[in-house]
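Chemist: Here is how the chains run, residue by residue.
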Amino acid sequence: GEEVAQTPKHLVRGEGQKAKLYCAPIKGHSYVFWYQQVLKNEFKFLISFQNENVFDETGMPKERFSAKCLPNSPCSLEIQATKLEDSAVYFCASSQSEGVTSGREPVPFTDTQYFGPGTRLTVL
Amino acid sequence: AQSVAQPEDQVNVAEGNPLTVKCTYSVSGNPYLFWYVQYPNRGLQFLLKYITGDNLVKGSYGFEAEFNKSQTSFHLKKPSALVSDSALYFCAVRDGNSGNTPLVFGKGTRLSVIA
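Each protein sequence line maps, in turn, to chains A and B. Here the first sequence is numbered in my numbering, starting from 1 and rising by one per residue. Here the second sequence is numbered in my numbering, starting from 1 and rising by one per residue.
Next up, chain B with everything else stripped away, as it sits in the complex (with noise of 0.2 Å):
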């Protein structure tokens, strides 16, 4: 079975610092990692995916997320917060050895940035 902590409900930044958002997994087989973000009655946006290669993976919208295998850990970061990144952000994981396998996600954590 798969799981996904996302350990912090709130993060607040102010603008123009560096950002992280947590994450962190436990798979049984291969894990495949993604991060969506949902901005208010929106659905969720695609930012970036883990499959395999190289362990820091850019996305969309200047965000990154580095890949740690031995802390099963998948942070999502930006080195320059706006305020227009404020929305919701959900880590997700599926098993890349079971077959299109449904996501499992995490309960999400708001990111707030104060300008």
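Just chain A, same shape as in the assembly (with noise of 0.2 Å):
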């Protein structure tokens, strides 16, 4: 499609249930991102993917958060045994870039990320 598209948009569980996240993204868009956006709108990175494969997971919390990228379905993100402190806006976004290379220089990645409107998740 050509947005991002995000479901669901509220999600509610109770502390230690598991929340599941799903994100289409751009069609031809080949990388993914998770952040999440808490209190006071502060934006924190979880993860990407380039196609299926995870690209960066520097921010993922390991314990209890997971997610994946398969090929023909949305990406998920999920949250087992979820705590209050995970109540937050998940967003995701997608790009285009390949990154091809051209001569000896990577052709850098200039492309925008551009984001879906969210999961609202309330952990009670």
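If you are wondering where the hints come from, they were derived from the structure by calculation, not from laboratory data. A few of these clues could be false.
25 Å max Cα-Cα, derived PhoX-like pairs, lysine-lysine [unchecked claim]:
hint, chain 1, residue 1, chain 2, residue 2
1, B, LYS22, A, LYS40
2, B, LYS107, A, LYS44
3, A, LYS44, B, LYS49
4, B, LYS58, A, LYS9
5, A, LYS9, A, LYS27
6, A, LYS83, B, LYS107
7, B, LYS77, B, LYS107
8, B, LYS107, B, LYS58
9, A, LYS44, B, LYS22
10, A, LYS83, A, LYS44
11, B, LYS107, A, LYS40
12, B, LYS22, B, LYS107
13, B, LYS49, B, LYS77
14, B, LYS77, A, LYS40
15, B, LYS49, A, LYS27
16, A, LYS40, A, LYS62
17, A, LYS83, A, LYS62
18, B, LYS49, A, LYS40
Being a predicted model, the structure only gives us computed values, none of them experimental.
Mind assembling these two chains? They're in different frames, but the hints should get you there.
Modeler: Next comes the structure, spelled out in structure tokens:
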């Protein structure tokens, strides 16, 4: 599609329950990024994918968070055993670049990240 | 490491007046700079970006931003504000020398345009 789609819009979970969020990137985009927007509007990077491969997971809390991007399926972010502090809006973004090399110099990734509408997770 | 500072939590401007939303950045490599806008209960909408070339970048909805390397700034501007511009504005940076890295965002500036 022409826009990044995220489902559900809102998700309410009791502490300790599982939460699963979905993201469909813009058609033709190779990269998917997940960000968490917490209180006071701060954005925290979680994880990125290049197609179905994890590209960068430096922001991912390893214990309870996992994510996948499988072929022909929406990407997903799953939180096992949610905690109160997981309450946030989770945004997915996609971008197009493949970073094709040209001669000796790699072509820089200049493409814009386009964001979905977000999923608001409330943990009670 | 990269960082972004948006020194104003809130900017108020009268409709029809020019507006400026400030942003300064720190990046070890080559700065790629972005502005996004967030309306209530909506995602981030891309406004404009600076990668290379002219320091003055024009974007959506009449917004523009000026890249100033010596001051490490990328302030967002609009000559004549509209009430509908009222929203939360985020400046973001990535290091262009480091591959397809994630964006680092400022804390946002809430713009209120008063009729």
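Chemist: Each of the hints needs a verdict: does it hold here or not?
Modeler: Each hint tested on the structure:
A distance of roughly 18 Å separates the Cα atoms of B/LYS22 and A/LYS40; the hinted pair therefore holds under the 25 Å criterion. This hinted pair checks out: B/LYS107 and A/LYS44 have alpha carbons roughly 11 Å apart, not beyond 25 Å. With a C-alpha separation of about 20 Å, the suggested pair A/LYS44 and B/LYS49 falls inside the 25 Å cut-off, and the hint holds. This hinted pair does not check out: B/LYS58 and A/LYS9 have alpha carbons roughly 32 Å apart, beyond 25 Å.
For the proposed pair A/LYS9 and A/LYS27, the alpha carbon gap of about 21 Å is at most 25 Å, so the pair holds. Our distance criterion of 25 Å between C-alpha atoms is met by A/LYS83 and B/LYS107, whose separation comes to about 24 Å. For the hint pairing B/LYS77 with B/LYS107, the CA-to-CA distance comes to about 18 Å; that is within 25 Å, so the pair holds. For a cut-off of 25 Å, the pair hint linking B/LYS107 to B/LYS58 stands: about 23 Å separates their Cα positions.
Taking the CA atoms of A/LYS44 and B/LYS22, the gap is near 21 Å; set against the 25 Å cutoff, the hint holds. A C-alpha spacing of about 17 Å is found between A/LYS83 and A/LYS44, which places the hinted pair at or below 25 Å, so the restraint holds. Taken as a hint, the B/LYS107 and A/LYS40 pair is honoured in the structure, with Cα atoms around 7 Å apart against an allowance of 25 Å. Under the criterion of a C-alpha separation no larger than 25 Å, the hint pairing B/LYS22 with B/LYS107 is consistent with the structure, at around 12 Å.
Between B/LYS49 and B/LYS77 the alpha-carbon distance is near 13 Å, which keeps this suggested pair within the 25 Å criterion. This hinted pair checks out: B/LYS77 and A/LYS40 have alpha carbons roughly 23 Å apart, not beyond 25 Å. Between B/LYS49 and A/LYS27 the CA atoms are separated by roughly 22 Å; this keeps the pair inside 25 Å, and the hint holds. Note on A/LYS40 and A/LYS62: the hinted pairing holds, with a Cα-Cα distance of about 24 Å set against a maximum of 25 Å.
About 14 Å separates the Cα atoms of A/LYS83 and A/LYS62, which keeps this hinted pair within 25 Å; it holds. Using a Cα cut-off of 25 Å, the hinted pair B/LYS49 and A/LYS40 holds, with the two alpha carbons roughly 24 Å apart.
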